[in-house]
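Enquirer: Chain by chain, the residues:
Protein chains: 2
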Amino acid sequence: MTKIFTLDEIKQVINPEEAIQAIEEGFLLYAKNLVVVAPLASLEIENNGIAKIKYGYIKGKDTYVMKVGSFFPGNTEINLPSINASMQIYSQHTGAFEALLLDEAYLTNVRTAAASVIVVKYFAPEKITKIGIIGTGIQAKFQLNYLKHITACKKVMIWGKNIASAEQFKLDMEKQGFIVEIAKDISDIISQCNLIITATSAVKPIIFADPVQSGTLIISVGADTKNKCELHEDLLKKADLILADSRIQCCELGNIAHALQTRAITEDSIVELGDAMIKNIRRKDEQQIIVANLTGVAVQDIQIANLAYQALLKKKRN
Amino acid sequence: MTKIFTLDEIKQVINPEEAIQAIEEGFLLYAKNLVVVAPLASLEIENNGIAKIKYGYIKGKDTYVMKVGSFFPGNTEINLPSINASMQIYSQHTGAFEALLLDEAYLTNVRTAAASVIVVKYFAPEKITKIGIIGTGIQAKFQLNYLKHITACKKVMIWGKNIASAEQFKLDMEKQGFIVEIAKDISDIISQCNLIITATSAVKPIIFADPVQSGTLIISVGADTKNKCELHEDLLKKADLILADSRIQCCELGNIAHALQTRAITEDSIVELGDAMIKNIRRKDEQQIIVANLTGVAVQDIQIANLAYQALLKKKRN
Chain A
18 MTKIFTLDEI
28 KQVINPEEAI
38 QAIEEGFLLY
48 AKNLVVVAPL
58 ASLEIENNGI
68 AKIKYGYIKG
78 KDTYVMKVGS
88 FFPGNTEINL
98 PSINASMQIY
108 SQHTGAFEAL
118 LLDEAYLTNV
128 RTAAASVIVV
138 KYFAPEKITK
148 IGIIGTGIQA
158 KFQLNYLKHI
168 TACKKVMIWG
178 KNIASAEQFK
188 LDMEKQGFIV
198 EIAKDISDII
208 SQCNLIITAT
218 SAVKPIIFAD
228 PVQSGTLIIS
238 VGADTKNKCE
248 LHEDLLKKAD
258 LILADSRIQC
268 CELGNIAHAL
278 QTRAITEDSI
288 VELGDAMIKN
298 IRRKDEQQII
308 VANLTGVAVQ
318 DIQIANLAYQ
328 ALLKKKRN
Chain B
18 MTKIFTLDEI
28 KQVINPEEAI
38 QAIEEGFLLY
48 AKNLVVVAPL
58 ASLEIENNGI
68 AKIKYGYIKG
78 KDTYVMKVGS
88 FFPGNTEINL
98 PSINASMQIY
108 SQHTGAFEAL
118 LLDEAYLTNV
128 RTAAASVIVV
138 KYFAPEKITK
148 IGIIGTGIQA
158 KFQLNYLKHI
168 TACKKVMIWG
178 KNIASAEQFK
188 LDMEKQGFIV
198 EIAKDISDII
208 SQCNLIITAT
218 SAVKPIIFAD
228 PVQSGTLIIS
238 VGADTKNKCE
248 LHEDLLKKAD
258 LILADSRIQC
268 CELGNIAHAL
278 QTRAITEDSI
288 VELGDAMIKN
298 IRRKDEQQII
308 VANLTGVAVQ
318 DIQIANLAYQ
328 ALLKKKRN
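Sequence order for the protein chains is A and B.
Under the working numbering, think of the first position of the first sequence as 18, with each following residue one higher.
Under the working numbering, think of the first position of the second sequence as 18, with each following residue one higher.
With the rest of the complex left out, here is chain A (with noise of 0.2 Å):
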């Protein structure tokens, strides 16, 4: 019989260093061609949204991963999330319909934040002096929590169209521990912070090459479709390294597809995330601007799900 875990029960077990170090393996398993993943799988509800089905597994491993999630933006007016998702386990021996788990976008979020933080890992100068995030939706509160676990900088630089919601940020994220200002400009951000995170659903370049700082790493994790766009084509040729969470997909969405259509790059000078950490690429000294683009990678779910599916299997025996 299928187990059905709700968000409550999946929030529980989730432990964040584990969570990070399961994205971190995932990114690895993905370089070494250990992940097997289907084509995105999409259908457009007229007028209304979008389904899209992300699934695979992990060879060797005893469960296949399938994430349905569904974006309808008109959701906000009826005040209810505009992205949905379960996550759904299966057996890779007999396909058996293991376990559900209805964490509503939750385990997306995690895995997301978990990426940076790994990107920060090896990425980051050596001090991060402060923290700029650019948007004030959940996913920017995610990042700020998860960044706790590999920096111990507290100073936040914050902006966000919506004044109300930057205002909700700093109240929330000071709770947490942070101090954290609000921004006038974008470019506040820009000129005092060396760790930026862009986390909106821009469709054109926020941040743009010129006021970018030497030493700084910007990670883009808004930027996940094909018209999205976060940062201007001109940063990433000015960068000194471009990585991405999946070479084949962040040719085709968001900053890196947009950079590479107006040819500011080519793609021989996109490094994948889990090659650069496997053939120890790394930042080469503090002077270097690296831009990373997550557009969030079908591993990474699997990776969350089995993590979650684990623990929520542990606590039911104890």
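Keep in mind that a hint or two might mislead.
It does not matter which identical chain is meant; a pair holds if it fits inside one copy or across any two.
Said to hold, decoys possible - Taking lysine-lysine pairs in the BS3-like style, the calculated list, with each CA pair at most 30 Å apart, reads: (1) LYS245 - LYS76; (2) LYS20 - LYS69; (3) LYS172 - LYS333; (4) LYS69 - LYS49.
Calculated directly from the structure, the hints in this document are not laboratory data.
Chain A is fixed; fit chain B onto it per the hints.
Expert: Just chain B, lined up with the frame of chain A:
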């Protein structure tokens, strides 16, 4: 919160007459282009099996339906069903995951049997003298149990590779009021039955052109993949009418695809079931040989899942 329904609960609310009506309506909606279906998504699990997702919706209705299934042939060796499936109901308005029907492929069996009833309704000879069933699996029983709702004929001839299964079939179906003979050979069925249903996993033809008698209706429900084939190409050539549940799908899968490849038939000789219903294409006389290939169309899954879901909700309210 997603509602979860078990096989037992689902079985209790499925009324065969309503199921047949829902499937008939489904073929009409499909013919009227009111059904939106995503391309079949699938993932091979190395050396073990395959996961398949069929999903879509009917324009103007409230839900979209996802059938997540799998085929793991090795399961039979450990006494598990080789086919697994669940139905998932999502809101067309918000993407919310409304309900999970853990039907263990029961609804798939129902919708397949119901489709045969529709074919019999419109294309059977006036008097069905004896029903021939080839194959002794679970679908063979479903077929016969659903045929009760369209024909009073109780005389049945069964053939299967596995004699024990055929004997069990006879035992089970005689309890349901049928008079069942076990055929020594498929040729007994061909010579005595004027409604023949093939529900096997044959990859080579089991019914050939020559012995088939005039007036016979043959429905193939087993040949639903690229490599499966139950009816010889010459039989399709000989037939006065070739019916496909889905033109596009049958040109890719099963008997019709095989007959097209060998050029025994051409595409313009194929009539889609829903089209035939709308355009009043019927059996012309008692001599015609009519052949139908039912490969299973997503609209059937959508209709049967919605029917079950509405009935389950109604029962819950009462």
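Enquirer: Return the numbers of the hints above that this structure violates; sort them in rising order.
Expert: Structure breaks hint 3 only.
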